[in-house]
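Asker: Please build the complex by placing chains Z and D on the supplied structure of chain L, with the hints as guidance.
Protein sequences appear in the order of chains L, Z and D.
Start counting the first sequence at 901; every next residue gets the next number (my numbering).
Start counting the second sequence at 7; every next residue gets the next number (my numbering).
Start counting the third sequence at 437; every next residue gets the next number (my numbering).
Bear in mind the hints are in silico, worked out from the structure with no lab data behind them.
Careful: at least some of the hints might be erroneous.
Cβ-Cβ distance ranges computed for the label pairs, FRET-style [what the hints assert, rightly or not]:
1) P182/Z with Q615/D: 53 to 61 Å
2) L849/D with P182/Z: 37 to 45 Å
3) P767/D with T999/L: 53 to 61 Å
4) F956/L with N758/D: 22 to 30 Å
5) F672/D with Q961/L: 23 to 31 Å
6) I613/D with P171/Z: 40 to 48 Å
7) P767/D with D1022/L: 33 to 41 Å
8) I1000/L with P767/D: 19 to 27 Å
9) G82/Z with F480/D: 44 to 52 Å
10) T999/L with L656/D: 28 to 36 Å
11) D282/Z with D524/D: 25 to 33 Å
12) K1053/L with L849/D: 36 to 44 Å
13) K317/Z with E566/D: 27 to 35 Å
14) P171/Z with G594/D: 30 to 38 Å
Since this is a predicted model, take the numbers as computed values, not measurements.
Just so it is clear, CB atoms sit at the ideal spot from N, CA and C, and this is done for glycine as well.
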Amino acid sequence: MSTTVVSAAETDSNTRSQHLMSGDQTNFLNDIQDHVTVGTCFSENAKMSIKNVSVFYGNKQAIFDASVDITENQVIAMIGPSGCGKSTLLRSLNRMNDTIEGCRVKGHISMDGQDLYSPKLDVVELRARVGMVFQKPNPFPKSIYDNVAYGPKIHGLTDSRYELDEIVEESLRRAGLWDEVRDRLQQPGTGLSGGQQQRLCIARAIAVSPEVILMDEPCSALDPIATARIEELIEELSQNFTIAIVTHNMQQAARVSHRTAYFHLGKLIEVNPTEQVFTMPEHNLTESYITGRFG
Amino acid sequence: MSIKKTFEVFLAITLVLSLAATTSARENIEVVGSSTVYPFSTVVAERYGRSSGKATPKIESTGSGGGMKLFCSGIGTQFPDITNSSRRMKKSEFNQCQKNGVSEIVEVQVGFDGLVMANSVESPVMKLSRKEIFLALAAKVPGDKEGELIDNPYMTWKQINESFPDDKIEVLGPPPTSGTRDAFVELAMEGGCKAIPWLAAMEKTDKRAFKSICHTIREDGHFIEAGENDNLIVQKLQANPKALGIFGFSFLDQNADSVHGAFIEEVAPEFDSIADKSYPVSRPLYFYVKKAHVGVVPGIQGFLDEFTSEKAWGEEGYLAEKGMIPLSTEQRRLTGKNTRALLPMTGDEPLK
Amino acid sequence: MSKPSRNLERIQRSLVSRYRAEKAFRLCGIAAVTLGLLAVLVLFADIFLKGKSAFSATYIQLEINYDQEVLGIDDLSDEGALMLADWDRLHKTALRQEFPQVRKRSERRELYALVSNGAGYDLKERLLSEPELLDQTEKFWILADDDIDTYYKSLLKGRAYTARLSLAQLERVKQLIDQDRIELQFNANFLSRGDSREPEQVGIKGAMFGSFFTLVITLLLSFPIGIAAAIYLEEFAEKNRWTEFIEVNINNLAAVPSIIFGLLGLAIFINFFNVPRSIPFLGGLVLAVMTLPTIIITSRAAIKSVPPSIREAALGLGASPNQVVLHYVVPLAMPGMLTGSIIGMARALGETAPLLMIGMVAFIADVPGGFTDPATVLPVQIFLWADSPERAFIEKTSAAIMVLLAFLITMNLSAVWLRKKLERRW
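Next comes chain L alone, as it looks inside the complex (with noise of 0.2 Å):
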């Protein structure tokens, strides 16, 4: 593991720490020109690669040359300000962003070595090999074991009624949402409660056995109880599963993931483990933002 430290930053970081004592706060936040990330960006075991990944709508860009790897079996938390480009960039990764018209990748993610980008990739398989959760809990307007069993059944995953059932019932119990759902299986799915909607969305995606998890703010429209054990539920899984993980709330990010990649207004600042990110960060950006200069 070797640390990249970029000396023309420490010059200019005097500079900036005089623009802040003069209390010129607004300006040296767009001075960023041409940026280097700092931190490990890079990692041995990484499961998804992403290089030099600029990501446009339209003319505006949104990324700008970002490069960092996911490791395997480990959670990723990525934090900033908003609008700065970290949904964008989880949804490059399971190519969610193919749904936006205008939306242009430049650059390369991969994973397990394979192009996600190349033409002859087949996008259906790479969602089912990387699943993902969303801001707003959506469950189909199904019954609950329909959410769950919808997954498995389209791609084939079982051959009969009865391994689908015990499926389910993993996911479920995976979700933490077995006790509380064991009773009423064929309820709608849109009835249980916010958290309760979460987990289930949870165990929608972990049912087809993805190798990856995207989650983009997940906990963001929930209440404090829901969110803790939502936090609980995103550490065991991660023993099974990687996980990259957008978050509005430092605090969260701090609880649950190893690295922490900030970003800011599109592009990366800095990739390092999360303790050292949060005690002791590289980039005085990262700095200020963690200490609620902004943001």
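Answerer: Just chains Z and D now, kept in the frame of chain L:
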């Protein structure tokens, strides 16, 4: 089944059904033509269908001209078998028929229809001459000098004839698409035109101008086109007692409690007066049959027999009850004989 | 910036006029709704009052002797003899017996005119259903002629319409009334027979079946093609100039006058494909083409209203675009699609103009048995009857309008019910 597959299946079903529809032979007689003959033709069709047990002939009211066009389009089950007409076939139509292979046509005159000008029973009966009708309704009328035409200046009936009431001229009549309109301008207006000597002379010298003057009806609001629905005209006359309406005799007959017909040249519009031609505004009714279809489409002979039977078109027959004026006894005998023998038109008939 | 207290004054003053304007607006709205409802009520009341008498008909009770000699029938299964028999003589004889004072030929004709000229067939059916009546006599209620029917009904209303009857006929009717041998009964013909030139025998069944068969074809063709087109255009088609062009054209077609589709039917289906005229199959084809743009437009709107969150959830799980559409978008959009289709069908039910060109505006007395028998539809039947001179057709026309309105209201109610039943919340 994917969406594309379902598409293809439906397309196939549609095509198959349409083919099936075309290959099945026609069971019923198809009749088109005049809206005036329609009420009579339908009665015969219904009786024939009921008594013979065969399919009831289908009668469409397309207008005399439209019916002729369909009729003369050719021979075959996709073309009509019979066309009704409230005027005799024109020479041009006869030629068209011959050109398209409709060579043997049986002409059958079935009776007469009277055209009446009626008003509400609340107003006095009008006694008109055809000349007065012409002066009331033409677009251009003769001026003071001979040979001079002016835009129709008459606004009230009194201006045409001192003995008429001083009411605004308001006549509800059929639109230009109607055969009734054709008959009215030819019988009533043209008749009135000829009562003016220098116009009558023009018929020989410049026929086109003659027709144009005598057949063109004014468009300044005194003649109101009231659509094809004669029931509507009757209702409007009840609402407006000062107006007159133009329609067939059968409507007068059915609504005798609310409207009465004007005398034309001193003759009241009645069954007998129309039959003996003393009432001057009556027209003959015809239908034409394709001889080539007899025997191919079942039942045409039976239909013709029913139509030309005494119980149908006789003086005491059910068509007379419906308001059709019958032919004379001798005419019935002759026409009936020729029809049953399917005697075709020779082409030497004095067609216009 | 003005002082807060002055601001408050100005706000309070403006509130007065604002509330007044709002009240006026509300009153306008109420007035508009009331006027609309009033117009509908007046229309319905007028039609109902004119039409309800059509469901009853005047019957005269006569003593009918099913005289075997008069009929000339030995065996009731002999079809030929049945057809040749003079059934009318049965009621003519009965009338003569009832009124023996009538001698002269012209008076006799007037007497016979009291009874419908189709009554003979009713007697035939009566005898066939009760064969033991042969050579027996019974008191039978026989259908009266439409002139008698009009007179009797107007008499009961208090404004007797006597213009079509002679004095002698009025006398006879008075006699029958005194003897309680004339009364109104349920008009069995109206719902069981097809078109006729005799108002007392006319029925709406032919037009009802014609409408039914036509609408079945219309539904079978326009619904699948319409929603398939909407799904394709909304979900699968690329957004380029071609698809925009198609969309503009579909929107325009929805506004095209319906008679144009009749011309299309004439030119292509009749002249090119040689489909026979006047059959429900052809009528269905023409109306399907007419309804298609409406269904496509409403279906597209229904598809657009499916929340993108459901689509994303399905995509995220690895469903292919086809599966997203089939498993989620279509079922969720279905209520809207169905509602749009039923409203399109209701419009097709009331169309007359396009059918004019393809020969369905015609006198067709037989009740159609299938998709390839000549037929007419309810609005056309109303149009044809409105044109007939006989007085008695006025009530029949109004009754037919009531039947058509009943159909339309049923269809629209079922659209509402379907939507309520299938609506989901999320």
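Asker: Provide an ascending list of the numbers of those earlier hints which the structure does not satisfy.
Answerer: 3 and 7
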